[in-house]
Amino acid sequence: MGHSAERDEADTNRRVEMTSGNLAFAEAMRQINPDVVAAYPITPSTEIPMRFAEYVANGDVDTRYVAVESEHSAITACVGASVAGGRVMTASSANGVALMHEIFPIAASFRAPIVFGLVNRSLGAPVNIHCDHSDSMPERDSGWVQIYCEDAQEVYDTVMLSVRLAEHPDVLTPVFVCQDGFITSHCYEPVEFLQDESVRQFVGTREPRYPLLDVDNPVSYGSFTMSEHYFEIKRNQIEGLNNVSRVYRELSDEYVALSGREYPMIDRYMTDDADYVVVIMSSATGVVKDVVDDLRREGVRAGCLRVRMYRPFPSGEVREALSGKKCVAVLDRSASPGGVAPLAAEIKSALYMSPDRVPVFDYIFGLGGRDFFPDDARRVFQDLMDMRYEDGARYIGLLEEDD
Amino acid sequence: MSGVRLKDLVGKKNPLTEGHRMCPGCGAPTELRQAFMGIDDPVVVVGATGCLEVSSTVYPYSAWRVPFMHVAFENAAAAISGVVAAHSVLAERGTAKKNIKFVAFGGDGGTYDIGLQALSGALERGHDFTYICYNNQGYMNTGAQRSSATPRGANATTSPAGSVLGGKLQRAKNMTEIAAAHDIPYVAQTTLHNPADLISKVRRAVETPGPAFVNVLVPCALFWKIATCDQVKICKLAADTRFWPIYEVIEGRHALSYTPRTPLPLEEFLKAQGRYSHLFRAGAERADIVAQAQKDIDDDWEKLLRKCS
Numbered sequence: 001m002g003h004s005a006e007r008d009e010a011d012t013n014r015r016v017e018m019t020s021g022n023l024a025f026a027e028a029m030r031q032i033n034p035d036v037v038a039a040y041p042i043t044p045s046t047e048i049p050m051r052f053a054e055y056v057a058n059g060d061v062d063t064r065y066v067a068v069e070s071e072h073s074a075i076t077a078c079v080g081a082s083v084a085g086g087r088v089m090t091a092s093s094a095n096g097v098a099l100m101h102e103i104f105p106i107a108a109s110f111r112a113p114i115v116f117g118l119v120n121r122s123l124g125a126p127v128n129i130h131c132d133h134s135d136s137m138p139e140r141d142s143g144w145v146q147i148y149c150e151d152a153q154e155v156y157d158t159v160m161l162s163v164r165l166a167e168h169p170d171v172l173t174p175v176f177v178c179q180d181g182f183i184t185s186h187c188y189e190p191v192e193f194l195q196d197e198s199v200r201q202f203v204g205t206r207e208p209r210y211p212l213l214d215v216d217n218p219v220s221y222g223s224f225t226m227s228e229h230y231f232e233i234k235r236n237q238i239e240g241l242n243n244v245s246r247v248y249r250e251l252s253d254e255y256v257a258l259s260g261r262e263y264p265m266i267d268r269y270m271t272d273d274a275d276y277v278v279v280i281m282s283s284a285t286g287v288v289k290d291v292v293d294d295l296r297r298e299g300v301r302a303g304c305l306r307v308r309m310y311r312p313f314p315s316g317e318v319r320e321a322l323s324g325k326k327c328v329a330v331l332d333r334s335a336s337p338g339g340v341a342p343l344a345a346e347i348k349s350a351l352y353m354s355p356d357r358v359p360v361f362d363y364i365f366g367l368g369g370r371d372f373f374p375d376d377a378r379r380v381f382q383d384l385m386d387m388r389y390e391d392g393a394r395y396i397g398l399l400e401e402d403d
Numbered sequence: 001m002s003g004v005r006l007k008d009l010v011g012k013k014n015p016l017t018e019g020h021r022m023c024p025g026c027g028a029p030t031e032l033r034q035a036f037m038g039i040d041d042p043v044v045v046v047g048a049t050g051c052l053e054v055s056s057t058v059y060p061y062s063a064w065r066v067p068f069m070h071v072a073f074e075n076a077a078a079a080i081s082g083v084v085a086a087h088s089v090l091a092e093r094g095t096a097k098k099n100i101k102f103v104a105f106g107g108d109g110g111t112y113d114i115g116l117q118a119l120s121g122a123l124e125r126g127h128d129f130t131y132i133c134y135n136n137q138g139y140m141n142t143g144a145q146r147s148s149a150t151p152r153g154a155n156a157t158t159s160p161a162g163s164v165l166g167g168k169l170q171r172a173k174n175m176t177e178i179a180a181a182h183d184i185p186y187v188a189q190t191t192l193h194n195p196a197d198l199i200s201k202v203r204r205a206v207e208t209p210g211p212a213f214v215n216v217l218v219p220c221a222l223f224w225k226i227a228t229c230d231q232v233k234i235c236k237l238a239a240d241t242r243f244w245p246i247y248e249v250i251e252g253r254h255a256l257s258y259t260p261r262t263p264l265p266l267e268e269f270l271k272a273q274g275r276y277s278h279l280f281r282a283g284a285e286r287a288d289i290v291a292q293a294q295k296d297i298d299d300d301w302e303k304l305l306r307k308c309s
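These protein sequence lines are chains D and Y, in that order. If you count by the numbering used here, then the first sequence holds residues 1 to 403, one letter each, in order. If you count by the numbering used here, then the second sequence holds residues 1 to 309, one letter each, in order.
In short, the hints are calculated from the structure, not lab data. Some clues are possibly wrong.
To be verified - Derived, one-sided and incomplete: chain D residues facing chain Y with beta-carbon distance under 10 Å: (1) P41; (2) L172; (3) G204; (4) M387.
As the list claims (entries may be wrong) - Which bits of chain Y does chain D cover? Going by a derived footprint, with three or more residues having C-beta under 8 Å, they are: (5) 41-51; (6) 204-216; (7) 251-260.
Unchecked claim - Counterexamples of contact, computed for chain D against chain Y with all Cβ distances above 12 Å: (8) R14; (9) Y221; (10) E228; (11) P264; (12) M265.
In this text, a Cβ means the ideal position worked out from N, Cα and C, and glycines have one as well.
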């Protein structure tokens with residue numbers, strides 16, 4: 001993390017509070033003061049619209065809050081409001097996200113810069129309210145940016161960055177800000193907030209390019225488009241995602257000057273000289289980092305790589321960070337039944353063209369909120385050190401394996 | 001009808017340009033043109049997936065002279081909820097005109113069936129918009145399948161008339177009354193043969209603050225199997241047989257807009273359309289279905305009269 005002169009100035013107004021990932025998201029929303037929020041309750045994201053509804057009820061924001069009758073209508077109303085020209089935010093989880101699925105690619109294709117709090121929860125059946133990434137991973141090809149946060153502070157800061165990223169004219173793409181259900185969304189930890197005025201200055205106001213409400217310059221959205229033009233429209237949309245890494249770096253520089261906090265697309269923890277690296281996402285990263293510290297004390301050159309931005313996937317950065325390692329383990333918090341799990345597939349794909357073919361071991365952990373312990377991470381490192389490769393994914397923490 | 005003068009309508013711009021792709025004899029563009037004659041302010045339109053949407057927006061062209069958005073099939077009412085919400089903020093801020101009217105169009109599939117939940121939610125929330133159903137009584141965009149708006153006995157491709165079954169077995173859902181049950185400020189039902197009626201109803205709908213629902217019976221020449229020139233004739237028959245009562249519900253009060261002096265037997269409406277021809281085939285007549293269909297509309301008329309009294 002950097003430290004700058006601007007930061008020293010900001011220090012005089014530091015505000016640190018104990019809060020949760022959900023409430024940090026809601027506080028970011030209050031400060032951003034979006035034009036429209038349309039949302040529907042579902043565990044564990046419900047607190048976000050609940051808290052925000054209080055801000056609306058108390059006149060803390062100017063937002064029109066549309067309390068819709070389903071998640072499908074929530075995301076649809078968000079698309080309508082965004083196309084109209086408004087700055088729009090919402091939140092959901094699990095089956096709510098699945099119900100919205102049809103509309104996500106439409107939002108992306110409309111270049112509607114919605115910022116979405118996705119609080120990760122397993123998909124039924126069986127019904128389970130706890131964390132895994134089986135709700136967000138099916139949306140990875142929807143054309144949205146996906147950023148996975150490790151803790152509440154990062155959730156807060158990522159919301160700020162995401163508003164600017166989504167609305168940037170070279171990007172114009174909606175963003176999922178993902179956090180782990182309950183583990184991040186409901187646990188209280190100290191979070192440092194920016195001043196309201198700093199947020200207002202950083203996020204500015206949205207300047208829509210072709211708002212539906214411009215009745216003097218009518219435009220049509222969602223037209224019927226056959227083979228002659230559909231491909232080109234999709235290609236343009238993909239370019240928006242291809243521009244993310246450049247724009248994100250610029251915004252990140254601006255944000256670090258304001259907040260002193262920096263969030264690269266991948267978070268490298270002692271990877272530079274590491275022989276063995278565990279790749280992981282979101283809240284479980286801290287467990288791996290602790291074990292890396294222990295192993296370092298024991299003389300093992302261990303490292304941890306956290307993938308923060310999953311879409312667009314920072315393949316170049318990952319390749320650069322992992323090339324030359326003795327071997328790498330990838331821990332996925334969701335499965336792709338019958339195939340390679342989402343994170344492992346990306347890591348292997350990124351490493352395929354590296355000159356030294358780094359061995360990659362796949363693991364699946366934490367489905368339905370199954371705990372992930374330091375001993376689990378240690379066993380993974382031991383597999384790497386012993387070069388105990390297995391075809392296909394191994395499961396971490398299954399009861400049958402503990403017996 | 002009061003308030004509609006021909007000289008005021010002259011020069012009113014059709015929201016659609018020439019060259020849209022709708023079929024000859026389609027009622028949807030007629031309905032759209034008449035509806036817009038009732039609106040003086042700028043309009044933003046949201047359309048559900050359907051014939052009107054695909055035929056008016058074939059990229060890289062658009063037949064719309066006004067802003068138009070189509071999101072998906074089941075959610076026109078949810079989409080316009082978001083547009084209206086954004087408008088209230090942006091108009092306040094001065095970045096959008098204040099006097100815009102918001103109109104959603106959905107076919108009967110997008111209104112009665114797949115879009116019912118989103119519509120019910122939007123009506124309950126009370127957004128200031130008008131929802132116009134162009135009701136051709138089935139899924140025409142996908143090829144004449146039955147919907148819950150399809151009337152009893154009609155031959156649709158998913159309720160075909162066969163040697164045993166005589167077309168759709170169920171009566172149509174009464175969507176106008178479902179909308180009215182939301183206690184919204186304005187609900188109306190009409191069709192195309194009397195432009196003054198449709199125009200004045202849409203005018204009242206858009207001028208009334210809060211949500212309004214207008215259900216318009218709109219022939220599809222392909223499904224109904226009528227001559228393309230018979231659009232107006234068949235609409236008049238629908239009203240004169242009481243198959244499609246013309247009425248409105250203002251602040252919860254039902255009022256008939258048209259009472260046929262001598263109601264015609266339903267048979268005259270049915271016999272005028274190919275979709276019912278199997279009911280009258282020599283030697284295989286289905287008088288039972290015709291009688292039941294007549295009873296459906298007689299019962300509905302009685303219920304409606306009670307509400308109007």
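**Request:** Go through the numbered hints given earlier and state which of them the structure violates, listing their numbers in rising order.
**Result:** 1, 2, 3, 4, 6, 7, 9, 10
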